[in-house]
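There are 2 protein chains.
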Amino acid sequence: MDDAVSIRYLQASWVVVCDKEFKIIKDGFVVFDKDISYVGDSSTIKKQYPNTKFEHQGNNSVLMPGLINAHTHLEFGANSTTLVYGDFTAWLHSVLSNRDKLLSKVDDKLIKNQLNDMLKSGTTSVGAISSYSLDIDSLDNSCLNTVCFVEVLGSTKEKVNENFQNFQDRLKAILEKSNIIPAVAIHSAYATHPKLVKKVIKVAKKKALIVQTHFMESCAEKNWLKNSDGSFKKIFEEVFKQTKAISKAKKFLNMFKTINNMSYTHCCFASKKHLNILQKQNANIIHCAKSNRLLGSETFNTNSFENIAIGTDGLSSNDSLDMFDELKTVLFLHRKEPINMFSNKLLYMATHGGARSLNLNSGELSKNFQADILSLTLKDEPTKENLCLSIILNKKSINQVYIKGKLCYG
Amino acid sequence: MDDAVSIRYLQASWVVVCDKEFKIIKDGFVVFDKDISYVGDSSTIKKQYPNTKFEHQGNNSVLMPGLINAHTHLEFGANSTTLVYGDFTAWLHSVLSNRDKLLSKVDDKLIKNQLNDMLKSGTTSVGAISSYSLDIDSLDNSCLNTVCFVEVLGSTKEKVNENFQNFQDRLKAILEKSNIIPAVAIHSAYATHPKLVKKVIKVAKKKALIVQTHFMESCAEKNWLKNSDGSFKKIFEEVFKQTKAISKAKKFLNMFKTINNMSYTHCCFASKKHLNILQKQNANIIHCAKSNRLLGSETFNTNSFENIAIGTDGLSSNDSLDMFDELKTVLFLHRKEPINMFSNKLLYMATHGGARSLNLNSGELSKNFQADILSLTLKDEPTKENLCLSIILNKKSINQVYIKGKLCYG
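Residue numbers (our numbering), protein chains in the order written: chain A, 1 to 410; chain B, 1 to 410.
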């Protein structure tokens with residue numbers, strides 16, 4: 001994937017930079033090979049590139065960073081009607097009952113198709129939670145930037161060493177892949193024993209790997225962690241032979257305070273105190289809004305935290321991995337947010353926010369950033385105010401997708 | 001359109017009847033020509049049709065009534081990025097400024113394309129609000145069941161007679177079309193003078209036409225009708241030279257009490273008292289949820305009223321006229337509703353509810369109903385519980401669309 005790519009000079013009606021100031025350039029120019037070397041407007045371009053012919057992307061064209069899907073589970077891609085939606089505990093039950101059936105349908109083709117669908121719909125980077133290492137060959141062969149989170153799971157104290165060994169073996173296999181960025185996922189406070197968490201964090205720190213965990217996804221999780229009660233009680237007693245939660249929320253969170261790049265997925269039922277801890281850790285929250293609605297959870301308040309990324313979650317709790325579909329639905333889910341400003345914020349979270357969460361030098365069209373770029377065409381002329389809303393809302397054609405400067409689609 | 005159609009014998013994995021009991025038949029059978037003559041399950045079919053071969057629609061196939069889009073404005077189909085979203089008054093301003101530009105782009109092709117897109121996405125009946133009669137030829141030539149609401153608009157007392165004459169001329173033209181069901185739309189309490197409303201209601205009653213009106217779509221409308229104040233004040237003073245609302249809400253509603261089939265679109269800001277009046281009128285409310293969110297309104301509470309239909313509204317306030325897209329988004333917008341039950345309700349509103357609102361003998365797969373039928377295939381096997389959710393959520397293929405028993409798509 002380190003093939004040399006030729007330099008490109010693109011011009012478009014609009015460039016959405018997705019930097020901290022959320023700059024939007026009307027009639028903008030982008031120069032890149034593997035990385036971006038120049039982004040600017042017509043006032044400076046002639047001075048900088050007096051004799052260069054730029055490829056104009058056409059009327060109502062837009063250049064923007066590729067979308068970053070910060071959290072998904074490709075290994076559950078076989079689900080469509082099997083799992084029970086509407087209530088997290090009922091869903092968890094159905095996962096436990098149908099897991100083997102769903103996993104038996106996983107092959108390279110299924111993983112590859114999901115990655116291709118993502119690419120075609122404008123996603124250039126993905127954070128894939130790998131629970132069984134069934135996805136690693138496809139992730140390694142993909143043209144997307146693939147961050148593979150080796151997931152560690154197991155609430156039984158007696159199996160800590162066994163689960164840790166399994167994690168290490170799987171991590172080793174990932175580290176040998178040249179085209180995957182290795183990372184660590186600790187399933188959750190309720191399903192990963194604290195001793196196991198500690199061991200894995202030690203590895204993550206030593207190898208400077210980024211870490212994700214699911215946190216406060218459901219009301220059931222909140223009640224279980226707080227009072228060892230609620231709808232998790234029965235499932236834990238019957239299936240896992242546990243009568244008490246293995247961690248308290250605060251203790252669990254504090255285990256991650258030394259991790260450099262930490263992301264918490266969901267946080268629908270996180271309290272203000274929890275969010276304060278996350279903020280102190282300079283952590284990211286990954287918002288999987290469609291998944292949360294389908295599993296009967298609250299919708300995370302995107303005004304309550306600073307660094308937010310967007311994830312589709314897996315097809316185990318979503319009908320699509322299309323990030324534009326996700327963004328459009330989020331726009332309607334957060335129905336009281338001011339529509340134009342929130343659209344800008346959504347694109348920022350899905351690019352800049354995702355890059356921060358996955359620790360990628362991407363998600364922004366600025367000099368020295370990796371050239372992960374979408375070229376789109378809108379149906380009609382937008383204003384600067386409704387540009388991002390128009391990008392999210394209207395059926396747009398994605399003409400080209402560049403990853404590390406290479407034309408991967410279009 | 002009264003061509004004889006041959007009799008069809010269809011069998012499917014599931015039949016969603018959309019009757020009042022919301023019956024779902026596993027392994028069901030439907031027999032129809034122009035109308036439906038039989039709907040049943042495998043326990044009775046051999047007795048009824050001992051020697052008939054039924055066409056099985058395949059694995060995970062579904063037969064259900066065609067969707068009914070109870071409220072749209074095809075004449076605004078040229079909008080995509082032009083109109084201002086996020087606030088109703090700002091949107092209204094942008095409509096007034098851009099109306100001529102948008103209408104100048106309307107031709108038969110634009111209307112026809114919208115109707116075709118609707119057909120392909122499973123809509124078999126449409127309630128089209130016709131403000132300028134630019135859509136009537138295409139409506140007349142469409143294979144959909146087209147109810148054309150001749151809209152009357154005008155808040156100036158001096159122009160009541162002129163506006164009434166214009167309405168009568170346009171209604172006359174519709175009445176001459178053999179393939180359109182004529183109906184009446186009174187724009188709203190704020191934009192149609194009460195004297196004009198009275199005259200038009202008289203015509204509607206005499207000709208037994210059904211009536212629609214926009215009601216309490218925005219907070220601005222509520223404030224204007226109640227106190228002649230709020231963000232409408234400026235627009236009414238400047239554009240229409242009016243300092244006071246021409247109607248009060250209650251008075252306006254009571255004008256419709258003698259109408260047999262009355263539908264109120266939106267009702268986002270209707271009070272309990274208003275809803276009681278509507279309930280006494282045995283009226284329908286048409287829920288246009290995506291439109292309401294895009295124009296910054298509240299979301300109508302679907303638990304607060306009995307007879308609800310679904311409309312996409314026009315492309316002036318929606319990105320799509322696809323009813324399945326509408327239903328899916330509504331599922332996320334009403335994020336606290338229990339997901340499976342609400343999915344059933346959504347399909348009921350989009351079929352049975354729409355038929356009631358448009359006064360069609362359609363929207364239900366029962367004996368003697370018009371044969372407006374969709375044949376779909378789901379990706380995987382659903383349960384009875386999640387069947388409707390799966391229909392709404394998963395990208396499904398619509399294989400066939402029958403209207404009055406005629407295969408119109410597929």
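Keep in mind the hints are simulated off the structure, nothing from the lab. Ideal Cβ positions, reconstructed from N, Cα and C, are used throughout, including at glycine. One should not assume that every hint holds.
Here chain A is said to cover these stretches of chain B; the calculated rule only asks that three of the stretch's residues, wherever they fall, bring their Cβ under 8 Å from a Cβ of chain A [stated by the list, open to error]:
#1 80-89
#2 112-118
#3 370-381
No more than 20 Å apart at the CA atoms, straight line, and that leaves these computed lysine to aspartate or glutamate pairs for EDC-like [stated by the list, open to error]:
#4 A:K241 - A:E158
#5 B:K345 - A:D87
#6 A:K101 - B:D100
Right, here's what the structure says about each hint:
no.: 1; hint: 80-89; in the structure: holds (count 6)
no.: 2; hint: 112-118; in the structure: violated (count 0)
no.: 3; hint: 370-381; in the structure: holds (count 4)
no.: 4; hint: A:K241 - A:E158; in the structure: holds (12 Å)
no.: 5; hint: B:K345 - A:D87; in the structure: holds (18 Å)
no.: 6; hint: A:K101 - B:D100; in the structure: violated (58 Å)
In this structure, the hints that do not hold are numbers 2, 6, in rising order.
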